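These protein sequence lines map, in sequence, to chains A and B. Just so you know, we're using the numbering used here here: the first sequence kicks off at 1 and counts up by one. Just so you know, we're using the numbering used here here: the second sequence kicks off at 1 and counts up by one.
Treat the hints as calculated values from the structure; they're not laboratory data. Given the structure is predicted, the values throughout are model-derived calculations rather than measurements. Misleading hints may appear alongside valid ones.
Same chains, same label: a pair holds when it works inside one copy or across any pair of copies.
Calculated pairs, BS3-like style, for lysine-lysine (alpha carbon to alpha carbon, straight line, at most 25 angstroms) [unchecked claim]:
(1) Lys253 / Lys307
(2) Lys123 / Lys253
(3) Lys151 / Lys307
(4) Lys350 / Lys487
(5) Lys307 / Lys115
(6) Lys155 / Lys65
(7) Lys476 / Lys68
(8) Lys51 / Lys422
(9) Lys463 / Lys476
(10) Lys458 / Lys350
(11) Lys28 / Lys151
(12) Lys221 / Lys253
(13) Lys429 / Lys400
Number of protein chains: 2
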Amino acid sequence: MPVKLFDTTLRDGAQMEGISFSLEDKIKIAKLLDELGVHYIEGGWPGSNPKDIEFFKQIREIKLKHAKICAFSSTRRPEMQVEEDKILRALVEAETEVVSIFGKCWDFHVTEALKTTLSENLKMIEDSIHFLKARGKEVIFDAEHFFDGYKANRKYALEALKAAEGAGADVLCLCDTNGGSLAFEVQDIINEIKDQFKTPLGIHAHNDSETAVSVSGMAVKCGCTHVQGTINGYGERCGNANLCSIIPILKLKLGVDCVTDKQLKSLTEVSRHIAEIANLPQSAHQPFVGRSAFAHKGGIHVSAVTKNPGTYEHVQPELVGNERRVTISELSGVSNLLVKAEAYGLKLKKDSPAAKTLIKNLKEMESRGYSFEEGEASFELLVRKELGKFTPFFDLEEYKIETEKVGDQPSSVIAHIHIKVKGKHYEAKGKGDGPINALDNALRKVLENIYPQLTTMKLTDYKVRVLNSEAGTAAKVRVAIESADEKRVWNTVGVSGNVIEASWLALVDALEYKLMLGMK
Amino acid sequence: MPVKLFDTTLRDGAQMEGISFSLEDKIKIAKLLDELGVHYIEGGWPGSNPKDIEFFKQIREIKLKHAKICAFSSTRRPEMQVEEDKILRALVEAETEVVSIFGKCWDFHVTEALKTTLSENLKMIEDSIHFLKARGKEVIFDAEHFFDGYKANRKYALEALKAAEGAGADVLCLCDTNGGSLAFEVQDIINEIKDQFKTPLGIHAHNDSETAVSVSGMAVKCGCTHVQGTINGYGERCGNANLCSIIPILKLKLGVDCVTDKQLKSLTEVSRHIAEIANLPQSAHQPFVGRSAFAHKGGIHVSAVTKNPGTYEHVQPELVGNERRVTISELSGVSNLLVKAEAYGLKLKKDSPAAKTLIKNLKEMESRGYSFEEGEASFELLVRKELGKFTPFFDLEEYKIETEKVGDQPSSVIAHIHIKVKGKHYEAKGKGDGPINALDNALRKVLENIYPQLTTMKLTDYKVRVLNSEAGTAAKVRVAIESADEKRVWNTVGVSGNVIEASWLALVDALEYKLMLGMK
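Just chain A, with the same shape it has in the complex (with noise of 0.2 angstroms):
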């Protein structure tokens, strides 16, 4: 049976702490879970929030090229006319095909939560559908707290999604809301109750006991035949269910016609671009997706997997759009560094004296807080350095940054290099925004007329991780940059108990890798 995706991340994901979208951050990833094949995108809640009454207004002049836009809410209010209710009427003038609409199902909720009866939450369920059904509505049941309901009161959970059923909801949509339930129990109580309806089932699952992905993948196994998640699993507390992992498992374990192979293939790039967008970092040991998720370290899954992969691999990196990594680190030893030598050109032999000093540097500068994970061109820099196979393009000879407040002013940075570059004497002021940013306009200045290359680099990331953090302001830093040219990206990375001078240093390698480009 083919399973149709139905993502909630304008939604649900968007109720993340941290997460705060802006109307154009929501069509940009509209288009994205577009490119990426799930059926549904749902926009947001038109009734609660007005910045998504905007969403659906824009969104309808966009040409989608598969996904159906839906938007949510609740039933109507108890004890009113369901024509007279803002919220659903609100709903309606989303002008989306379809709508998703969540009821309760759990007796404890109606009572203690909504305040109302268990038959006139029954009523609210009926007259909600048939209103939405009656302006040809494609509309999903959300069965809010299914599972905890089925477990409190089986009777009323049941009669709740009949009357969902009766009304004529195209999908009931089992949820875990509170995210409580485990792989075995939904397994259980799917089982139990499926053969009781014809309506196509569907899974809703939050991550608050780690089991979502797992518990969305059982369903599925169960019979159900619409998943409902988010990109990264972004969702309020621990998440929602992930479906950056629950795609590939469809698709490669389950056999489970949803997206094309070409679209799976993307899924790398959607999880990295829409973490951008959310202005969040993809965690890089993601399932599927992340930076690390086929990175090997060990020395024998090293050595094992260059033999062959399926050993330490449990699906194809490149079906995902993700690649293999062979790390950069000291538990890793000398066999990875002879992989890395031979992938730059260079040619650095096992018990070479130039191969053990590189080893003894590694661990020394590993032990000061570097990571070459994070900047693997400053890497391939050591490396030609020590091979002798690297001259400095230019040499610092001193810099000053001067930092200014006065009173309420915002502050102000100068900052004045002197660099020698083939010999000569140069120097030059740089203002910016802040003190790295001065230094970088001040290099330029002089770089730019001597080596024009420079001019087509530009440093697209920039991120600060304090090392050991409780020593407060006196805190070592890691600064990592990413730079780019037309062609290619590169990673440097410095380290300093001084945020300035760990970012010159990161800031040096970005252009000295650059210059070495054009000499390779």
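Chain A is fixed; fit chain B onto it per the hints.
Below, chain B without anything else, positioned relative to chain A:
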């Protein structure tokens, strides 16, 4: 049936990209694991890592309350007498009561990675276990790649387990080494095989399919009585099964005896402390123990959870030593603000001009990149200022910071400050590791004389988050500072395009908050 918890944070966890434990780190972590109540602590691989030999030497001198220390190794190498294998000799020399050894169960791995015959591999398992049992060890057999092996060649995978049982292994631990197995597969396989063995079965899962916790829970449900995992799910690639989720699931959801109620209450603290030692931020969204695991943001959830916590919480946060939080954010609206003001002992009415101005300012600051979730003390100061309940303890007239670097010398930093306190003018100079440390030092030279209570206050954490990182070195940064005195911990935040200015704002709030505490 009680379940034995086997922690491998120090061995398999240390394989994680970004982790590098020192010997002192490992000793500290072992003590914390003992407090938490795990039954086994796998300390390392003495045959492969010299640092681990030192760990086993030192840990012997420490009296643990509860946990047994375990050393890890492979079975003997092919075509070798077991007594001559240096790796196994090093294992015995670690002098632990318990040892774990891994042996291959997947025919493909035996012939491809190990390059030996299927029968020699069975003899390697038998010989190694005999050798260890003859030396009085409790032996845990890690059946590497068991599930993949069983799927590929059922007969051979079972022969490997039987070889281990026959040689006297105390536990047969079924490993999902590549992390590719789903809960229903593990369920089917364990149910198929369990009656063929008298030896207790264990589970060791990896998180490559985001299902490691679920797989571990399912294995216990099917009869496994030994569970391996790591704190915070640390481990290679996507990590190992996370004991911080498995322990509460076993205890609170499956009713399995594993740790005491008191030990369970220490879970959040142990998770955070070990994250600190690993020098990695604990994920706020980590189930059970994360800062956001019981945080409520959406308006509906907040009002329901205030009425009855059971409505949106799957377990009580106190049971795992965590706490419920209501977060400050633009999605939350006025009702959360009122809850907070009340907690500060301030009177704020729902429709008052002060409440409206506050909401407006809050939204404006959030749009500039402020996140009061990371700096609630800054938020409290904001509320107090708006209500006229706060007068600054000092005012900046001017600061100036000079950072200088000459050639290869380390950089130097001096900060000059001019401030006004109680109508009088003061100035001071401070040196520091970096600009912010210098500023802090200068400020304290003046302020500690006037407000001696500041001497009891320390900055305990300092974080820099780049907001629009694609702007490179001109990126906006958010600085969050954690401070503490003998009684309390508080968090402040500042945002600017200049890292120094952002730090200054957070630093001033941190000092002001401490001074205000004395006045409340």
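For each hint, the structure was consulted:
For the identical chains of this complex, lysine 253 and lysine 307 are intra-copy neighbours only, at 24 angstroms inside a copy versus 43 angstroms across copies, given an alpha-carbon limit of 25 angstroms. Taking the shortest alpha-carbon separations for lysine 123 and lysine 253, neither the intra-copy value of 41 angstroms nor the inter-copy value of 34 angstroms comes in at or below 25 angstroms. Proximity of lysine 151 and lysine 307 under a CA criterion of 25 angstroms is satisfied inter-copy only: 21 angstroms between copies versus 50 angstroms inside one chain copy. When the C-alpha separation of lysine 350 and lysine 487 is checked against a cutoff of 25 angstroms, the pair qualifies neither within a copy, at 32 angstroms, nor between copies, at 56 angstroms.
With identical chains, the CA atoms of lysine 307 and lysine 115 are at most 25 angstroms apart between copies only, with a shortest distance of 11 angstroms across copies and 64 angstroms within one. In this assembly of identical chains, the alpha carbons of lysine 155 and lysine 65 never lie at most 25 angstroms apart, being 42 angstroms within a copy and 49 angstroms across copies at closest. Proximity of lysine 476 to lysine 68 under the C-alpha cut-off of 25 angstroms is found in neither arrangement, the shortest distances being 49 angstroms within a copy and 36 angstroms between copies. In this assembly of identical chains, lysine 51 and lysine 422 lie within 25 angstroms of each other by CA distance neither inside one copy nor across copies; the values are 57 angstroms within and 46 angstroms between.
Taking the shortest alpha-carbon separations for lysine 463 and lysine 476, both the intra-copy value of 14 angstroms and the inter-copy value of 11 angstroms come in at or below 25 angstroms. Taking the shortest alpha-carbon separations for lysine 458 and lysine 350, neither the intra-copy value of 36 angstroms nor the inter-copy value of 49 angstroms comes in at or below 25 angstroms. When the C-alpha separation of lysine 28 and lysine 151 is checked against a cutoff of 25 angstroms, the pair qualifies neither within a copy, at 40 angstroms, nor between copies, at 42 angstroms. Within a single copy, lysine 221 and lysine 253 get their C-alpha atoms as close as 11 angstroms, and across copies as close as 23 angstroms, so both meet the 25 angstroms cut-off.
Both within a single protomer and between protomers do lysine 429 and lysine 400 lie at most 25 angstroms apart by alpha-carbon distance, with minima of 10 angstroms and 17 angstroms respectively.
Hint compliance for this structure: hints 2, 4, 6, 7, 8, 10, 11 are not met, and every other hint is.
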